[in-house]
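K.L.:
Sequence:
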Amino acid sequence: ADGAQIRAALLVDGSGAQSVWRQRAGISCLHHDYDCAALTAEIALGAPHGQVARQVFLPDGPLALLPLPKPDWAALVWSLPARKAQALAACDESVFNAELNAAAREPFGQMHLIGARAHQPLKAQIAEAFIGPRLALVGEAAHVIHPLAGQGMNLTLRDIGALVDTLTETRRLGLDYGDATMLENYARLRRADALAGAFGTHALAEIFSGPTPARALAAAGMRGVGFIANTYPKLKDAFRRQADQGLGPLSGLFAASPLDDMPPPDAADTKKQR
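The opening residue of the sequence shown carries number 14 in my numbering; numbering runs sequentially from there.
Read the hints as simulated data drawn from the structure, not as lab findings.
Hints may be right or wrong, so weigh each one.
[Unchecked claim] Think about it this way: if two alpha-carbon atoms lie no more than 20 Å apart in a straight line, the pair counts; the simulated SDA-like pairs of lysine to any residue are:
#1 LYS83 x ARG130
#2 LYS136 x LEU217
#3 LYS97 x LYS83
Quantities reported herein were computed from a predicted structural model and do not represent experimental measurements.
Generate the whole structure from the sequences, applying the supplied hints.
P.N.:
As structure tokens, then:
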């Protein structure tokens, strides 16, 4: 703002989907517009969420309730046709609450709005290059995917982990942080993973916005996978690790988290009681 210039070996750009730095580097993007919008808000539930996220597949699009720190509060992400999302974001609160409860009252009982509502267009966007001269893109500056599978944050964390690994190795070799060859390794790993995530969530979005029989069949398949995963804990852990790790190797940034060795809260409480 004051016109000062800063010189750096590398600019890490996580400024979002409309990144000015990406545009200045001449990096274009692949786009897909879903003609829908995500309606977001904080919701008070009629029953505790128990730290469980829920997703309901409705004719207009999926509705997700993500647990917040308060036991009976959740973050709402509701995919809707753009005009309906805009209307529900602006309507009277009582009308909104009625629509929400009519759409997805179970299993959290009567729900009501807390605070403001917002909506934003749903789109998929992948940068054609994840790096430029002394530039590395992370997060939504590099990729935007449909929120249906909840993988956007995981992709961003994997970007950060891979870039930290790359820069750590660059320093170990005594190279410049902006070394193009080292950054190419980062870009190759991350773009492949981001493309897989984008195509996977796009396929799910198309299935669940398709004809009713296709939606019903897909929902039944998802329930079947969930049942099998809950029946076989090791398989469930494998699914979780795959969602966390993606296509590339697990970053050293996350490989040895102290949280992995912590017992669950109820187990710790049981030990104290004994």
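K.L.:
Is the hinted pair LYS97 and LYS83 satisfied, with a Cα-Cα distance of at most 20 Å?
P.N.:
violated (29 Å)
K.L.:
Starting from LYS136, check that the Cα of LEU217 is at most 20 Å away, please.
P.N.:
holds (14 Å)
K.L.:
Keeping to a limit of 20 Å between CA atoms, is the pair of LYS83 and ARG130 held or broken?
P.N.:
holds (19 Å)
In summary, the structure is inconsistent with hint 3 from the numbered list given earlier, while agreeing with all the others.
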